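**Student:** Okay, here's what each chain looks like letter by letter:
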Amino acid sequence: MSSDTGEFARRDRAWHPPAFTPPYKTSVLRSPGKALVSLRQSIGERTGPVLGHGDLDPLDNDLIRNYITTGGEAIGERIIVHGRVVDEMGRPVKGSLVEVWQANAGGRYRHGNDHYLAPLDPNFGGCGRCVTDDDGRYFFRTIKPGPYPWMNHNSDWRPSHIHFSLFGNAFAQRLVTQMYFEGDPLIPLCPIIGTIRDKAAVDMLVAKLDMNEMVPFDSLVYRFDIVLRGRRSTFFENRPEGN
Amino acid sequence: MPVQYLKETPSQTGGPYVHIGCLPHFAGLNLRTQEKLHVLAGGGVPGEQIRIEGVVWDGSGHPLRDVMLELWQADSTGAYNAPGFRGWGRVGADPQTGLWGFETIRPGATPWIDSRPQAPHCSLLLFARGINIHLHTRVYFDDRPEANAADPALLSIELVNRRQTLIATRQAGGQGGSDVPTFRFDVHLQGDKETVFFDC
Ligand SMILES: [Fe+3]
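Protein chains in written order, with my numbering: chain A, 244 to 486; chain B, 5 to 204.
No wet-lab data here; the hints were simulated from the structure.
Any given hint could turn out to be false.
Listed below are the simulated DSSO-like cross-link pairs for lysine-lysine, each with C-alpha atoms no more than 30 Å apart in a straight line [said to hold, decoys possible]:
| id | chain 1 | residue 1 | chain 2 | residue 2 |
| --- | --- | --- | --- | --- |
| 1 | B | K197 | A | K268 |
| 2 | B | K40 | A | K277 |
| 3 | A | K268 | B | K11 |
| 4 | B | K197 | A | K451 |
| 5 | B | K197 | A | K337 |
No experiment lies behind these values; they were computed from the predicted model shown.
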C-alpha cells in the first residue's frame, strides 16, 4: 500500500480487449451487454491490500522446485523470467504481489478440468509468486510451458504462455494477463490474443529472449516488463479526501 | 498529438485454470494448505460478522462455476488497511453449483471524494474464462436503506432501476443454523437484471 491515495489516470478501454469477442466463444455469454458505468475513484479504489514478503515461502518463485513429489526437478526447458513493473509514468511499482500459473512442458495443467492427453509431471505444480522490489523488479524460475489445444474452433491451440496476476498498490491497478514467448508462430493464430485489437498492445505481452542474463549451462532467460496504471498529478488539489 | 505516457499492459482472461495460481489448494494442489482467503475475518475482529454469498450467472442463465472473485473493503470503522484486518479476500465458485461466499465483517462508512459518507459497501472483482478484462462491481447491504439512498456512487448511476443490482439482500435465518447474517449477492452478466459494472 502507498500512503498516496491520488486518483489514477483513466483506463484506455480501447487498448484492452473488449468484453464481447465472438471468435473467443466463451466471451459471448460472459460479456456485459450494457455500457460500464463511470465511477470516480474514492479511497476503496485508490488503496489495495498489502500482500507482502511475510506471506511468501522461499520456494514460491521457483516452479522447478516448489512441487517436488517423487524427487528431482520439473521436466522441461529451464527458464528464468524477469522484468520490471512500472506505472504509466515509468515509476517503479514497489511491493506488488506477482502471481503466475502455467501448464507443464507438455501443455497440461494440474487441474481437474484439464483432460488433455499430455501427461502430468509429478514434480511440477505450475504455481508461483513473488513480490516486486524497490525498483519494481521481479523474477522467477520455471520450465517453458508447452502449447495446448482447447475447445474453441475444433482444437485451436494456445501458444506457450504464463498467466500473470498483479496487484500494484491499489485496487484500480489490479491486472490479470498472459505472457507469451518471442518468435512463437502460434501467437498470430490465437483467438484469445486476437481479442486485443492493436498489434502494439499484443507486443507488450511478448517476452523477449534475454541472452545477456542467460545462466551458462543452466537456463535461458526471458524478459517481461509490465506497466500498471499510474496516479495523476493533483494540480490545485482542493478536494478533501477524508483520509 | 497528446503527450504520450507508457501504455498499460493489456489484460487477458484469467482462463479456466486461474485457481492454480490464485487458489492452489482449492485447485487440488498440495500447496498453501492453510490459506483460507475467503475468510476475511473470523472471530476476534471488531465488528459485525457477516457472510456474503451468491452466484454469477451468464447470459443464458447458467452459473459460472469457474469464476474467481476478490473482495476489498474497509473495517467496521471505515478504515482501509487497518491493523488486524487486511480487508481483502478471494474465493472460487463451487465447481458444481457456482455458489461462492465470503466470511467477513460489515464495513463502516467511507468518505467519497468530497467527504460525503459512502454507504457501507465492498468492492468486488470478477475473473473468469471468457472475461477478457476483470469486472468491477460493488456490494451494498439492503438493511441500510437510508445510507444507500444517499450514497454518491449509487446516485451516480443514471438509470435508477439499475442501482438495486448492487444491493445484497439479507437472508432469513442464519447459514446452517448459525446466527451470522447472510447477504445474497447474485451477479448477472447480461440481460434485464444485468449487474452494474464500473469503469473507474
Ligand atoms: Fe492457459
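**Student:** Next step is simple, just say for each hint if it's right about the structure.
**Tutor:** Results for each hint:
Pair hint B/K197 plus A/K268 holds up; C-alpha atoms about 22 Å apart against a cutoff of 30 Å. The suggested pairing of B/K40 with A/K277 is violated, with an alpha-carbon distance near 34 Å, which exceeds 30 Å. A distance of roughly 27 Å separates the Cα atoms of A/K268 and B/K11; the hinted pair therefore holds under the 30 Å criterion. Straight-line distance between C-alpha atoms of B/K197 and A/K451 comes to about 44 Å, which puts the hinted pair past the 30 Å bound.
The straight-line distance between the Cα atoms of B/K197 and A/K337 is roughly 40 Å, outside the 30 Å bound, and the hint therefore fails.
Consistency note: the structure conflicts with the earlier hints numbered 2, 4 and 5.
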